[in-house]
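Student: Chain by chain, the residues:
Number of protein chains: 2
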Amino acid sequence: MTYDLSATPAAELEVRIAQLQERLRQKEVQAALIVQKTDLYYFSGTSQQGWLYVPDTGEALLMVFKEFERAKQESQLVDVIPLVSPKKIPDQLQLMGLVLPSVLGMELDVLPVNLFSQYQKIFADAKIVDVSTEIRLVRAVKSSYEIDRIRKACALSDQVALRVPELLVEGKTEVQLAGEIEAYARSLGHQGIVRMRLWGSEMFYGHLMSGSSAAVPSYLASPTGGEGVSSMIGQGAGYKKIGRNEPVLVDYVFALNGYLSDHTRIFSLGQLPDELMQAHEAMLAIQEEVKKLAVPGVLTGDLYEQMIALAEKKGYGENFMGVGDRKIRFTGHGVGLELDEFPFIAKGQTLPLAAGMVIALEPKAIFPGKGVVGIENTHLVTEQGLESLTTLDNTIRII
Amino acid sequence: MTYDLSATPAAELEVRIAQLQERLRQKEVQAALIVQKTDLYYFSGTSQQGWLYVPDTGEALLMVFKEFERAKQESQLVDVIPLVSPKKIPDQLQLMGLVLPSVLGMELDVLPVNLFSQYQKIFADAKIVDVSTEIRLVRAVKSSYEIDRIRKACALSDQVALRVPELLVEGKTEVQLAGEIEAYARSLGHQGIVRMRLWGSEMFYGHLMSGSSAAVPSYLASPTGGEGVSSMIGQGAGYKKIGRNEPVLVDYVFALNGYLSDHTRIFSLGQLPDELMQAHEAMLAIQEEVKKLAVPGVLTGDLYEQMIALAEKKGYGENFMGVGDRKIRFTGHGVGLELDEFPFIAKGQTLPLAAGMVIALEPKAIFPGKGVVGIENTHLVTEQGLESLTTLDNTIRII
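Chains as they are written, first to last, in my numbering: chain V, 91 to 489; chain U, 91 to 489.
Hints listed in this document are in silico derivations from the structure and should not be mistaken for laboratory results.
Take these hints with a grain of salt, some might be off.
Identical copies carry no separate label here, and so any pair may be met within one copy or between two of them.
[What the hints assert, rightly or not] Straight line, CA to CA, 27 angstroms or less: simulated BS3-like cross-link-like pairs of lysine-lysine:
#, residue 1, residue 2
1, Lys156, Lys382
2, Lys156, Lys437
3, Lys404, Lys162
4, Lys156, Lys177
The structure displayed is predicted, hence computed values, not measured ones.
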């Protein structure tokens with residue numbers, strides 16, 4: 091099976107860079123130096139190691155440490171040059187007739203301190219400020235090119251979930267089932283690595299847990315935790331054997347050519363208790379209501395509160411998104427090249443929704459000792475509300 | 091299949107913390123605040139989100155944000171308490187009768203700038219210095235408990251490689267074969283996530299490439315690159331179909347309960363050209379010579395130069411560890427909870443080998459357009475030289 095592996099088009103990169111430049115000018119930052127792998131890919135089309143210099147006006151310059159020939163091929167930017175060390179950046183910029191910035195923007199939300207110190211020495215006369223918010227705001231609204239790529243990832247998420255009933259057998263461990271599903275995903279082109287931006291967060295393919303183990307909380311900012319395989323990886327699938335009459339949560343990301351889809355479906359070998367079936371129906375009802383409410387202009391913090399209110403009204407205030415002090419304070423998140431993109435449908439968020447944002451909404455009900463039910467789909471924000479990009483039947487699949 | 095999932099023993103944690111404390115005193119740092127996930131696990135036994143405060147003498151204190159009950163169960167430290175915010179750390183320390191440090195050590199090689207700024211505000215009167223080298227030096231020498239865990243991971247690396255001949259079929263894509271091998275690894279308890287410390291580095295299960303695609307260079311600090319599935323993930327297995335008479339490189343990490351084994355074996359459907367067979371034999375010969383040379387006290391930089399000299403003497407100076415300016419400047423690396431631990435067998439390194447270090451040595455020969463041959467095993471440094479912990483037949487497996 092082959093997919094479109096072609097480079098990000100030049101016109102696409104141009105628009106992205108122009109949007110960033112506008113934000114740089116608003117913030118009075120004269121240039122950004124982009125070094126984080128995902129941002130670099132977004133603005134240049136390559137993940138090879140290098141530095142993308144974006145002045146507040148004019149052409150961006152991609153300087154590549156390793157691997158130059160590959161980056162040159164992958165990036166449709168005009169100015170791509172090799173560079174042996176970041177120490178050479180100022181000379182290189184001056185050689186090209188550029189004035190060195192007095193205020194330089196970098197991704198200070200992810201850049202480690204020791205590296206920052208190196209860049210501060212290299213740009214000794216510049217004040218280095220954080221432009222990660224500006225970058226993330228540009229990235230939050232997806233172009234039609236990006237939406238098309240996310241649609242493809244979404245279709246494959248549905249396809250992976252369709253395979254689950256064939257592989258789900260009583261007595262199989264969570265990790266064994268996970269491995270089989272993951273192998274199938276990989277054969278469809280899943281890139282393996284799922285990137286998260288938040289420092290200290292990590293995600294394998296996703297969360298596959300059964301019954302009580304899905305309700306075990308973890309360090310992760312997620313309504314589900316999971317026992318995991320050890321105290322080193324304290325989340326996700328573990329050695330629990332999957333039994334009958336318990337919800338099997340398959341919350342998997344499909345990562346295709348960089349773009350992600352986030353997706354949860356519930357399966358069960360045999361009937362589930364009414365309590366769980368009803369809670370699942372309630373989560374679906376919340377999803378349907380939110381899809382109409384979530385129009386451009388709505389504040390993401392308000393949308394979060396509306397979802398909480400809906401859950402309470404339906405009698406699931408206690409179980410919604412966790413129990414007691416283990417409740418997480420969000421109900422959805424932006425999805426794109428990273429799993430934790432802007433916007434966050436979370437308590438106190440003031441960012442308004444905009445057409446073209448792509449968000450994963452995950453109304454879930456947690457029943458300690460019993461399991462987790464609920465749904466997650468990846469949606470596009472449109473003028474009419476949310477359009478679901480993952481479309482596989484949302485009901486619990488009883489096998 | 092079940093493994094020992096028990097917590098890191100208290101005595102083990104005690105020794106590790108005492109070693110760090112000695113280094114803190116030498117550096118005149120009054121305390122370390124450990125926040126990076128892997129270091130936290132190493133010194134406390136849990137990966138849940140929190141802060142480990144290690145004064146230069148006395149008991150360490152683990153403060154847990156999320157998930158407290160889980161961390162309390164996993165960590166065998168005596169002092170484990172819940173804490174809602176890092177802002178409360180100074181109050182908490184003073185409450186316990188501790189004097190706030192004037193010099194505080196943190197992991198500045200990995201800690202992002204914005205988080206550092208928060209900690210600097212919290213410890214407003216302290217100078218925050220980097221103690222990542224001290225932490226990495228403690229972690230570089232493995233205890234018998236750790237060596238035992240790495241041995242288990244190594245045995246599973248061998249077991250995974252033994253499965254390859256059954257799955258290797260002409261015309262299968264690299265990613266499809268990769269997915270199948272990965273599913274098998276996962277069924278044996280592979281934790282999925284493989285952690286690297288170097289910022290901007292990432293690794294899935296490892297590298298599986300065939301023929302020419304193994305010789306495609308990438309951004310990664312590795313002799314092999316790989317086409318990868320897209321320009322977003324510019325390394326590793328891609329969509330190339332595996333053919334006959336070309337080397338299939340299976341360079342996989344087994345990650346079991348945190349500990350890693352790094353391991354490369356070469357397979358081929360049918361005979362390989364003599365040129366590649368001979369180069370492989372030369373790499374094995376280099377490995378055997380280095381195993382005798384690598385005794386405690388030898389400088390890692392010198393060991394690197396010895397390997398280069400051996401490769402040149404055997405006529406592989408051009409192909410060893412890359413070609414032309416794509417050569418990487420190392421031939422091995424420490425392995426433990428992360429894939430890029432101390433020591434590095436690399437140009438200019440002055441760290442001497444010590445008994446108890448665990449290193450992956452990977453003499454490889456790169457032939458652009460043809461493929462990669464060579465070997466990688468995980469070895470324990472002993473007084474008599476290297477003991478290989480991965481023991482599966484090192485020769486090319488012709489199928």
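Student: State for each hint whether it applies.
Tutor: Checked hints:
no.	hint	in the structure
1	Lys156 / Lys382	neither (47 angstroms within a copy, 34 angstroms between copies)
2	Lys156 / Lys437	between (41 angstroms within a copy, 18 angstroms between copies)
3	Lys404 / Lys162	neither (56 angstroms within a copy, 35 angstroms between copies)
4	Lys156 / Lys177	within (15 angstroms within a copy, 40 angstroms between copies)
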